[in-house]
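*Asks:* Chains as they are written, first to last, in our numbering: chain A, 1 to 394; chain B, 1 to 129.
It is worth saying that the hints were derived from the structure and are not from the lab. One or more hints might be untrue.
[Unchecked claim] Okay, derived cross-link-like pairs now, DSS-like style, lysine-lysine, Cα gap no bigger than 27 Å in a straight line:
1) A/Lys61 with B/Lys123
2) B/Lys62 with B/Lys123
3) A/Lys65 with B/Lys123
4) A/Lys65 with A/Lys33
5) A/Lys65 with B/Lys62
6) A/Lys61 with A/Lys33
7) B/Lys62 with A/Lys343
8) B/Lys36 with A/Lys343
9) B/Lys62 with A/Lys61
[Stated by the list, open to error] Pair ranges (Cβ atoms, derived):
10) B/Pro82 with A/Val302: 53 to 61 Å
11) B/Pro82 with A/Lys128: 25 to 33 Å
12) A/Gly22 with B/Leu107: 32 to 40 Å
13) B/Asp60 with A/Val302: 57 to 65 Å
14) B/Tyr9 with A/Leu371: 41 to 49 Å
15) A/Gly214 with B/Glu4: 51 to 59 Å
[What the hints assert, rightly or not] Part of the chain A face toward chain B, derived, beta carbon under 8 Å:
16) Asp111
17) Arg237
18) Leu238
Ideal Cβ placement from N, Cα and C applies to all residues, glycine included.
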Amino acid sequence: MHEFHWTHTLITVVVVLAVIMGACAYLILLERKTAAFIQDRLGPNRVGPHGLLQPIADGLKFLFKEEVIPRRADRLLFLMAPAVAMGTALFAFAVVPFGPTSVPPDPPPPDATMQQVRQYEIALAEYKASYQFVIAPGLDIGILFVFAIGSLSVYGVILGGWASNNKYSFIGGLRSSAQLISYEIPLGLSVLGVLLMAGSLNLERILDVQTRYGWFILYQPLAFLLFLVSAFAETNRLPFDLAEAEQELVGGFHTEYSGLKFGMFFLGEYTHMITTSFLLSILFLGGWHCPFLAEPAHTGMVGTIVKLMVLALKVFGFIMLYMIIRWTIPRFRFDQLMALAWKVLIPLALANFVCVVIVQEFGWSWVWLTLASIALFFGAGYFGTRSQTTPQPV
Amino acid sequence: MDFELQSYYPVFIYLAAVIAVVLATLVAAHLIGPRKETPVKTMPYESGMDPVGDARRRFDVKFYLIAIMFLVFDVELLFLYPWAVAAYRERAILPPELRSTIFCGILIFVALLVISYVYDWRKGVFRWR
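Generate the whole structure from the sequences, applying the supplied hints.
*Replies:* Have a look at this one:
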């Protein structure tokens with residue numbers, strides 16, 4: 001197990017929290033700039049050069065705005081909802097590696113020679129002495145922890161919707177909680193395949209397996225796609241932002257929230273986006289690993305910086321994907337949203353899971369999984385479009 | 001791998017930090033923001049109309065069905081996770097002579113789930129109108 005240092009952990013925690021919150025503020029600016037670019041506008045450009053101080057101005061404005069609590073709202077739950085939304089989103093980051101990590105060496109077999117034991121001890125000491133870029137290194141529950149905490153965020157939505165005592169909030173909260181719990185299942189099922197191949201829940205170990213055998217997106221492109229779609233739905237981003245469909249529900253579950261409490265919901269959403277981008281990079285794209293450029297053997301200052309950059313680039317790529325898709329695909333109808341989760345994603349994820357089980361059981365090459373994924377994808381597309389029915393008039 | 005509480009200490013520290021940040025934000029919002037409540041301002045927002053009745057009314061039973069289906073699938077996932085981690089790792093921890101039994105068991109488990117899933121589909125649980 002990794003050695004525990006008070007100072008290391010405290011510094012890591014403070015830095016991570018500060019960076020996440022700063023990143024959220026600037027991602028909002030980036031999102032507005034991207035939106036402006038796509039819509040051929042200028043975007044925020046008044047506060048500071050190129051609008052670079054806009055996030056600070058926004059934060060101050062959040063702080064100095066009046067906090068209205070509706071008269072008939074449930075005050076305790078009303079205050080709890082944004083706290084839960086922001087707290088769970090931040091807390092889920094505890095086990096996510098944000099830079100180069102390594103795994104402890106395997107213990108030697110019982111009949112090992114003295115030399116093997118010596119080698120193991122040296123490797124273990126090396127592992128213990130190295131700094132791991134994750135808040136809680138060597139935590140075996142890993143991805144399960146992220147899911148457990150991440151799925152608590154549904155409470156922020158449903159509490160906010162219920163406590164406001166507002167019809168828009170109530171409907172928005174109901175819809176959103178149905179959406180969140182529906183998409184959690186394909187999310188969990190698509191990760192199962194990765195777990196079967198990696199044999200561990202620990203994200204550092206999953207990464208380590210990928211550095212040795214190749215990224216999991218090569219073997220499970222379908223699972224990657226399912227995870228991506230579910231992650232979009234889990235973060236409430238377009239095209240799945242039915243919770244806050246402005247045209248029909250005003251603001252959904254946060255209609256009644258103002259000032260910093262609204263800001264907390266916002267921060268929660270962006271943190272969730274960052275976490276899922278990290279998960280996508282780590283589970284399927286090899287995290288900090290990049291062939292030839294960032295291999296596990298590359299240690300030292302330069303290697304560490306290169307690995308940090310590689311991971312940051314992957315995460316940034318996913319965040320940009322989130323933003324571009326927001327301005328590309330229109331919002332789903334609610335029945336389409338539910339049908340996508342229950343009639344498309346879940347059967348596909350189950351079929352994919354069974355394929356992985358069979359390949360693993362008989363010890364076939366993982367290349368077969370790639371072929372199975374592609375076959376499933378096109379098969380589903382063929383059957384899906386063949387039996388396409390026009391919506392029945394109600 | 002043995003369980004060591006020590007590896008969870010950072011999680012607790014991080015939890016404390018997160019709770020502190022969240023509470024500080026709530027308190028800051030409470031202390032700094034102005035507060036001038038008027039009856040109209042504290043009314044539920046309904047696009048400018050005076051609200052009629054309570055917002056917490058009856059809603060579609062479909063949401064309950066989705067929640068129940070979610071429970072079924074989620075508990076099933078919880079059963080599958082430990083097995084998935086232990087099943088095919090490099091340093092095997094499952095006894096090799098039980099391997100095919102476990103494999104068949106998992107397939108039956110998934111088949112049961114698929115049967116209930118197909119039943120639900122035919123019953124129209126996933127049909128929203």
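*Asks:* Indicate, hint by hint, whether the structure satisfies it.
*Replies:* Status of the hints after comparison with the structure:
1. A/Lys61 with B/Lys123: It is violated: about 51 Å lies between the C-alpha atoms, which goes past 27 Å.
2. B/Lys62 with B/Lys123: Judged against 27 Å, a Cα distance of about 12 Å means the pair holds.
3. A/Lys65 with B/Lys123: This hinted pair is violated, its Cα atoms lying about 50 Å apart.
4. A/Lys65 with A/Lys33: Holds: lysine 65 of chain A and lysine 33 of chain A sit about 24 Å apart, inside 27 Å.
5. A/Lys65 with B/Lys62: 39 Å, violated
6. A/Lys61 with A/Lys33: 19 Å, holds
7. B/Lys62 with A/Lys343: 16 Å, holds
8. B/Lys36 with A/Lys343: 50 Å, violated
9. B/Lys62 with A/Lys61: 41 Å, violated
10. B/Pro82 with A/Val302: 53 to 61 Å: Taking Cβ atoms as reference, proline 82 of chain B and valine 302 of chain A lie about 40 Å apart, which means the hint is violated.
11. B/Pro82 with A/Lys128: 25 to 33 Å: 28 Å, holds
12. A/Gly22 with B/Leu107: 32 to 40 Å: The hinted range 32 to 40 Å is violated for glycine 22 of chain A and leucine 107 of chain B, with Cβ atoms some 49 Å apart.
13. B/Asp60 with A/Val302: 57 to 65 Å: 59 Å, holds
14. B/Tyr9 with A/Leu371: 41 to 49 Å: 45 Å, holds
15. A/Gly214 with B/Glu4: 51 to 59 Å: 31 Å, violated
16. Asp111: Not OK, violated: aspartate 111 of chain A not within 8 Å of chain B, min 15 Å.
17. Arg237: Cβ of arginine 237 of chain A sits 21 Å from chain B, so the hint is violated.
18. Leu238: At 20 Å from the nearest chain B Cβ, leucine 238 of chain A fails the 8 Å test, so the hint is violated.
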